[in-house]
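S.K.: Put the two chains together into one complex; each comes in its own frame, and the hints tell you how they fit.
Given next are the chains, with one letter for each unit.
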Amino acid sequence: MKARKKLRTIIEELILAVCTIIMMVPIYYLVIGAFKQRTDIVKFPLTLNAQIFTLENFPYVIKKMKYWKALGNTVFITLMALLIVIICASLAGFAIARIRSRIFSGYYKLLVTLMVIPFIGCLLPLTTLSSKLGLYDSIWGCILIQAAWNMPFSVFLYAGFMGGLPRELEEAAYIDGCSTFGVYSRIFLPLLAPVTATCCIRQGVGIWNDYLVSRTLLNENKNPTLMVGINGFFGARGSELGYAFTGIVLVSIPMVILFLFLQKYFIKGIAAGAVKG
Amino acid sequence: MKHTKQTTGKRNALGRNQVRSGMVFILPSLILCAIFMLYPLFEVIRYSFTDWDGIAKEYDYVGLHNYLNIFKIDGFKDMMIATVTFAIGTTILTVFIAFITALALDKRGKGRINRGLMRSLWFLPALLSGVVVGILWRVMYNYNNGVINKIITGLGGEAVNWLETRVVTNIAVIVGATWVQIGFCVIVFMAGLQSISQELYEAAALDGAKPRQQLWHITFPMMASSITINVITTTIAGFKAYELPYNISQGLPGKSTMLMTQRIFFFGFQDYDYGLGSALSVMLLIIIALISLIQLVYLRRREDIY
Numbered sequence: 001m002k003a004r005k006k007l008r009t010i011i012e013e014l015i016l017a018v019c020t021i022i023m024m025v026p027i028y029y030l031v032i033g034a035f036k037q038r039t040d041i042v043k044f045p046l047t048l049n050a051q052i053f054t055l056e057n058f059p060y061v062i063k064k065m066k067y068w069k070a071l072g073n074t075v076f077i078t079l080m081a082l083l084i085v086i087i088c089a090s091l092a093g094f095a096i097a098r099i100r101s102r103i104f105s106g107y108y109k110l111l112v113t114l115m116v117i118p119f120i121g122c123l124l125p126l127t128t129l130s131s132k133l134g135l136y137d138s139i140w141g142c143i144l145i146q147a148a149w150n151m152p153f154s155v156f157l158y159a160g161f162m163g164g165l166p167r168e169l170e171e172a173a174y175i176d177g178c179s180t181f182g183v184y185s186r187i188f189l190p191l192l193a194p195v196t197a198t199c200c201i202r203q204g205v206g207i208w209n210d211y212l213v214s215r216t217l218l219n220e221n222k223n224p225t226l227m228v229g230i231n232g233f234f235g236a237r238g239s240e241l242g243y244a245f246t247g248i249v250l251v252s253i254p255m256v257i258l259f260l261f262l263q264k265y266f267i268k269g270i271a272a273g274a275v276k277g
Numbered sequence: 001m002k003h004t005k006q007t008t009g010k011r012n013a014l015g016r017n018q019v020r021s022g023m024v025f026i027l028p029s030l031i032l033c034a035i036f037m038l039y040p041l042f043e044v045i046r047y048s049f050t051d052w053d054g055i056a057k058e059y060d061y062v063g064l065h066n067y068l069n070i071f072k073i074d075g076f077k078d079m080m081i082a083t084v085t086f087a088i089g090t091t092i093l094t095v096f097i098a099f100i101t102a103l104a105l106d107k108r109g110k111g112r113i114n115r116g117l118m119r120s121l122w123f124l125p126a127l128l129s130g131v132v133v134g135i136l137w138r139v140m141y142n143y144n145n146g147v148i149n150k151i152i153t154g155l156g157g158e159a160v161n162w163l164e165t166r167v168v169t170n171i172a173v174i175v176g177a178t179w180v181q182i183g184f185c186v187i188v189f190m191a192g193l194q195s196i197s198q199e200l201y202e203a204a205a206l207d208g209a210k211p212r213q214q215l216w217h218i219t220f221p222m223m224a225s226s227i228t229i230n231v232i233t234t235t236i237a238g239f240k241a242y243e244l245p246y247n248i249s250q251g252l253p254g255k256s257t258m259l260m261t262q263r264i265f266f267f268g269f270q271d272y273d274y275g276l277g278s279a280l281s282v283m284l285l286i287i288i289a290l291i292s293l294i295q296l297v298y299l300r301r302r303e304d305i306y
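From first to last, the protein sequence lines are chains A and B.
Just so you know, the first sequence maps onto residues 1 to 277 in our numbering.
Just so you know, the second sequence maps onto residues 1 to 306 in our numbering.
Hints were generated in silico from the structure; no laboratory data involved.
Fair warning: there could be bad hints in the mix.
[To be verified] Derived EDC-like pairs (lysine to aspartate or glutamate); straight-line CA-CA distance at most 20 Å:
{"#": "1", "chain 1": "B", "residue 1": "Lys110", "chain 2": "A", "residue 2": "Glu12"}
{"#": "2", "chain 1": "B", "residue 1": "Lys107", "chain 2": "B", "residue 2": "Glu43"}
{"#": "3", "chain 1": "B", "residue 1": "Lys72", "chain 2": "B", "residue 2": "Asp53"}
{"#": "4", "chain 1": "A", "residue 1": "Lys43", "chain 2": "B", "residue 2": "Glu158"}
{"#": "5", "chain 1": "B", "residue 1": "Lys110", "chain 2": "A", "residue 2": "Glu13"}
{"#": "6", "chain 1": "B", "residue 1": "Lys107", "chain 2": "A", "residue 2": "Glu168"}
Pulled out of the complex, with its shape left as it was, chain B reads as follows (with noise of 0.2 Å):
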């Protein structure tokens, strides 16, 4: 297209009336995130490097002391083990569930339940919070009243102590962790089946692939995206999460099944700790941006292969 001189002057000056109107549009959500977002996360970086305790009026700088000692925190061995396999563990099993689930949900037709029901049902969980889910698996869990051990010792077996050694107590949590983040996902996995045309089946069985080969061949890469995104969501969640997993195993035994998120709290709000709080909150920080960046480069190149 052209333009005369005129109109291209025009359209300059009114692109640049436009940017102007759009700074003043972002500015409201820019101030907002800038206050409590980017000024607390400026602190936070800045307290790690000092020796705050959260109170006294003065503090030092003391360098990088505090990510030093991140390592001599009493328990530190456990806490990462708690808190990566708390993460990957809710999500290899969410993830899997929710497929299955997904797929399964996907198949329509007589003779089969009502899908909206079904759906519904499994999204249910997900609408609940951190806090009740917590408090509804710790009472499930309880040795002697808990329901898991009196349907088990109903069946015949032997009650289990699920919150008294760190194995257990890490599966246990991740296993209720799990239940909550399902129906998200499968949510999301439904909806990707859905997009799917459903012209690629066809050919594929006119071509004489079997239901097997087709779930390989069509739906696992066509769902790619749908995957990634359960993962990297999922993931993120996993080392976020706070109240959920400390409502159901109160970190016990000791502070073994206690997740990185729950020390910061507990070195801010309780140990007078802040500048070691802070520290391991960077850390924490860098965890979680290193995860979603690797995800997605990974994932994303797995998607271009097919």
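Bound-form chain A, shown alone (with noise of 0.2 Å):
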């Protein structure tokens, strides 16, 4: 019984060990594509020796790229984005979680139903809007689509996280005459810590991943963002693979560097997230 059950276990772990390798066989030969020439990547796909390995790729692409340029742009974009997300929607979960009124469950019911727009359906116009408001080819203009696009999915998560927190927590404050504003920063705010990692990451790799604002609203040229970087790019260089790959590394290593260092957030983040959704 007990060899059968081990047995049992070694088949389990031989299936799941194939599927994740199946799996993994994208990452891992685009990661040591970005270490090849095109000629060896189509000759050799899934090898990588001392004698094939190059690194010429990086200073070339960082240059043609813009490299740092469009990292600067994204990382701006994002966190300025966030800080934006994280203090309108926080304010507007208190009120919908923690004071009673028809206006506010009114304007969460209004937020939900945002939520399902899908953002390229309101694409044109927002082009035509942020040239009539001046922020056509504005970080700014990238900015603030970016906060009002991910804040209805916030304030869901703020409002639904604050509503789980007893209702003992302001009234003493209120009796002593703490204002409204005063119990939210001072009493709220400091419990908010988790659901704004979660907030951040969900919000984050999106924005960071975001390809339609930034290609319609921005100049390619002027203010090149990573992910409207790398498609150009391969655009243009489309047969040169080395290239490519080494792009696609470059562009998408901040996000897994961060993912690796704050795995446990991503993942609490995602799951905790996903179950209020």
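M.R.: Have a look at this one:
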């Protein structure tokens, strides 16, 4: 019986390992490809050895893709949009979860409805609107649009989190004459770290990986972002696999590093965000 | 609880104060959403009734003309088939694979591979952007140089033209999209599995329920809400997808694998038929709204049965 169980475990793990390896083939192929030249990627797709190893792709791609500038823009857009989202969404979430009024439950319903709207559907009027507002080809236009489109789900997260906190939290403070803003900033804000982590991870990955907003609103040459950069770069040099792979590795690596360091929060954030959804 | 008149009055005043502050609190998010979501939404609906080309100063209202023309778009049927198969195909494939993977990863104990590592590996693709994944799979599907055909020929098979015919291309795009979505769903499923009380299984085992019966009568019903969430998010993501499928297939052959989102983009920015593009946008919006509704109602009802 015990031996049979052991055998079962081994077979199960073997199947799992094979499936995992199949899942990982594209990533393996990509990462080793970044260190090879085009001809070697074609000739030896799944091997890397000292003879074909090269670092030549990197300086070329970094220069041609305007990597540092694109990286800076993307980091800036992501951080600023997240900052705006955190401030606005935690305030709105507080009102929805902790203040009883039909206004706020109505607002909540409106936001939940807005979550359904596909961004691509509003892309056309958004471009016209941005040029009207003087936000065309401006990083701030991009930031505001990202903040707005990530707002409903974030408010949803914050309202859900704050709704789960005990009622007694603010009662004493109100009786002592604390203002509503005081209750928000002194009592609730310090408690919001977990939901803020969830929000940053869920929305941050999306903003970082965004293509459509920056593609339509920013001038590719003047204000490149990583995803628009890699798309244009691949479009122009599609057959240069080595460069393409290096580019992909370069635009993806910051998020992957962040994930490796904050793994626990990523996993928790995704799970928490989804269960409430 | 009984209140004297005075404290009730005080309470009401306090409540009014709070509501007033709350209105200030929702203002920033409301302004942002009103300008950048609601206004464009109304605009897209308005434009869908016009013949605007996206540039000219003047345009006319043409009633339902654009909506009727949607059905006359060249390749309308292909577009709908591609869009629906893409959304449903990725959903079924993703949720199915993710569920089995989560079940496997949920088994812990001696002699098994490190679960933290496995979870991270399965999640890794989910971090990549649509653009990047699209490019990567396009390269892998390449007929002469792609790694997939290299592996197939290496194993003695015959190279496949992944991006030449409509049906195969649709499948190829689905596989690429599934690869990214799985990680997210696995995490959600694993969280769901962990929230199932171990006592349920112990009690079932005591009553002589076999593992398969336990899976059917405990795991499935307890996982209903996780399945709901994953099915809804994946389907909606499928209808909203743009750059990932586009970068794999570029809509080829012809425009036959172009999804609705991609046609919308082209109508707006290339064919200068803003009106038709807007009408198509409204249609997509209605489809997505309906699906979220149907899925919610249907799947929630299923949850109640158990």
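S.K.: Which numbered conditions among the earlier hints are violated in the structure presented, ordered from lowest to highest?
M.R.: Hint check: 2 and 6 fail, others pass.
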